[in-house]
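A.B. asks: Top to bottom, those sequences are chains Y and Z. Taking my numbering, the leading residue of the first sequence gets 736, the next gets one more, and so forth. Taking my numbering, the leading residue of the second sequence gets 30, the next gets one more, and so forth.
These are calculated hints, taken from the structure and not from any lab test. Quick reminder that beta carbons are idealized off the backbone N, C-alpha and C, glycines included. Hints are not guaranteed to be accurate.
[Claimed, not checked] Here are some, though not all, of the chain Z residues that point toward chain Y, as calculated from beta-carbon distances under 7 Å:
(1) D103
(2) A238
(3) P284
[What the hints assert, rightly or not] Far from chain Z, by Cβ distances over 10 Å, these chain Y residues were calculated:
(4) P758
(5) Q782
(6) P863
(7) S871
(8) Q938
(9) A944
(10) Q1017
(11) T1019
(12) W1050
(13) I1065
(14) T1168
(15) E1229
(16) D1235
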Amino acid sequence: MKRIIVAALLSLSFVSCTKDSDPNYYGTIKPKHSFDEIWINNREEPQYMDPTLAYGVPDGNLAWNTFYRLVSIDPLTGKPVPELADKWSVTDNGKTYTFHMRKGALWSDGQPITAGDVEYAWKRLMDPATGSQYQSLASNVIENGDAFAQRAIHLSGFEKSTSSSEIQSFLVKHEIPVTKIQARPGTNEVFVFLKSASPEESQAMREKALGLLTQEHPWGEGVTAKITTSDVVEAKAIDDETFQVKLIGPLPYFILLAEFANFAPLPKHVIEKFKAEGKEDQWTKPENVVVSGPFKLKEEQFKQYKIYEKNPNYWNADSVRLKRVKVLMIESETASLNSYKVGETDWIGPHNIPSEQINNVKGFKDYHNDPYAGVYYYIFNTKVKPLDNPKVRQALSLAVDRQKITDFVLSGGQIPHIGIVPDGLGGYQSYKTEMFNPAKAKQLLADAGYPDGKGFPKLKFMYDTKETHRLIIQAVQEMWKQNLGIDIEPSNVEWKVFLDRQKAMDFQIARKGWIGDFLDPFTFLEMLISTSGSNRTGWVSPEYDRLMEASNMESNPEKRFELLGQAEKIAVDDAIFMPIYVYTKTYMLKPYVKGFHPDYQDHHPWQHMWIDLDWKKAK
Amino acid sequence: MLAFILRRFVGMVVTMFVIVTFSFFMMKVAKGSPFSQERDVPIEVLQALEAKYGLNKPLKNQYMDYIGNLLRGDLGLSIKYPSRTVNEIIAISLPKTMMIGGLALAWALLIGLTAGLIAAAKQNSWWDYSLMSVSMLGISIPPLVSGPILILIFALWLFWFPTGGWGSFSHMVLPSITLGSVYGAYIARLTRGGMLEVIQSNYIRTARAKGLGEKTIIIKHALKGGILPVVTFLGPAVANIMVGSVVVEKIFNTPGMGPYFVDAAYNRDYFLLMGVVIVYSLFLLLLNFFVDILYGFLDPRIRYE
């Protein structure tokens, strides 16, 4: 018996070594499936399968590969190309986009994809009742979108012109706080945005205001007040083939937004059917779902896998070479890397290699490392002493040797960085200035009244519980101690508490990561606008806000980048954020997977992928 | 006997109610909202989300609603996986966990009882020392270590078993062995201890004096009393095994219930968290209840009057 086991053992390991592996590659090099199939790891069961609601990366990847948008991004050039819309035109000085739907583009159930499906999807995204956390991506850019999204009060039927200050003072007199009053372009109607701290309060305030306005008629009987409905939103199907959208300004990044997963046209006929039955969240189940893209969900096992099959009704189905995509949900990094090694997965994306394993897999040819449009920052609470002093913040920033952190702490190819925006978003060059100068840092701290760190309070640093964050702050702590003579106290908190405390500004210094939603500097710089919900620093700069506002109104791309560049300079010079590095995405990819292109946002359409069984010869 | 069962049953219901209430409020005391994100959620969207889960109501009403639904067997909607109910998630994950648990338990009993009996029968022999050393090792090496070692040997080197996941019997082997071995090691030591105590008792001496064979003495007379400590241990142990191990299920990527104890708390998925806590408590209470009844059959000295 013993001998048999030993023999079996030996033969097994022998077979596996000779046939499926290669010393140059970490994992097996022969697919365990047929040539028209691919196995990938999505890392997590998605939270939402509905593209409107998709929020995290696990949601986005699945929605993005199955529900196609009006345009798509060419993986080689990075430029927008026609997809479900076969052409589009931009008029009105860059503010109006008219999309012409592709003739013959069908839903997977054979129904035509119409402009009405686009309007339906975009308004569904903006509708607060839908509950999409990406709502503001659409409502912030489309004319009257924010009024609908924020349930502003829509006043119409004015007989004589009424100034907004008149309206404001009337409401304020009745103790209804107003954020802003906005005219509806081309009419004499207005939207009144109410201010509130909590959902409950906002509801109560709105009812109070509506009651008041409908009873008192302060501006004549003809004036009606109601909650803004979706029909004022300037995203409209003119006919079945034409969809038109008006923007609040000539926003050049709009076309990139239109490519975003949440902007995918939706099968109105399917969703409305399920909604009528009270089962709206069931329309994405395999037996119900209807898609516009090249793959359709065929089977799912919760927390195990999802199987997608080619959608023959996709208009460009001829270009799709894979027949089947198996998406696994392997959460643990180690388990994921193991699955890759033995060929249970062909491609494992970011966050799939345990950091202690990076150095073991680095030398293999199937290990890859690409830059990623995201920046790792420390942020300062500018409302607390001594961080309200720009000199202190500058000193802290200048005392950190970012190169050392990327080389020795992270060693995954990350790029040391000082700008708010990573380089190369649509040709934008981020603002560059001195990154590391301990002597100057020391001087700045002395100027601020803390020579050699004397009298400097022991600040607290907050991070969410994760090994990488701990290693980085240990390095930074040491650098601050050596270069400035000050000490800090790092403390880790759990993720949801971390987010809540950041929001409440209950911290002194905290870590922050930001991933660009689209490849334009705006998605990063927007964070520091004083009214932005992502500005957790307490920093307010009217000049910064003005530049950002002006950039949205600027139709010349070069001048626009100039304005954005000036804004970024203000924020960097004032050291509001302390950028540390630009992210990279490390991943393992089998050599037989072709049609895979490095991407700054880590978007990899399955549509173009294929399996090359003769990859060795092709080399 | 019946009176005892009734009394215990009422006690269980009360305990359950206390657990549910206590967990519910503990959970609400925890800072952080299920909807907190790095990107600020617009207030109107937050309103829609909170309304969907009834989180906009006063805490007292939320609690009353929850208890009401619970009595109807409705555990609510998951917040992390909004298109699924908690009942559905537990129905999907619990059977998988229980299959692994059942196998692990069988494995634990097999190796534990065998090793314990041999060690007790051959006390202070080479058998005894080596088996007990191995079991000490089994107790000391946590699944966090043994799991990856098993994967390394049997999945990555030998390709005998998959590295993880779910689908066939072979997916269950490594996680069951990882999970079961620790319990097996405990059982071995408890069996040995229990048996040794019994073997020295008078009625075994009587059996020996009657001239019964050693095998008959151990299996027929000593075992029944000797495994009492094991039975005591098994109550909570089976409950633990059956609701899944966070560590083992994470390591082997088993789509079971274990990880929800951590993940649901981390995500503030209130209803899912309550759901798994309730399932676990039910197991724990029921199994302890059964153990108490089993005692009466195993130990003639215990009578429930």
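A.B. asks: When the hints from earlier in the document are held up against this structure, which numbers fail?
C.D. replies: Of the numbered hints given earlier, those the structure breaks are 1, 2, 5, 6, 7, 8, 10, 11, 13, 15 and 16, listed in rising order.
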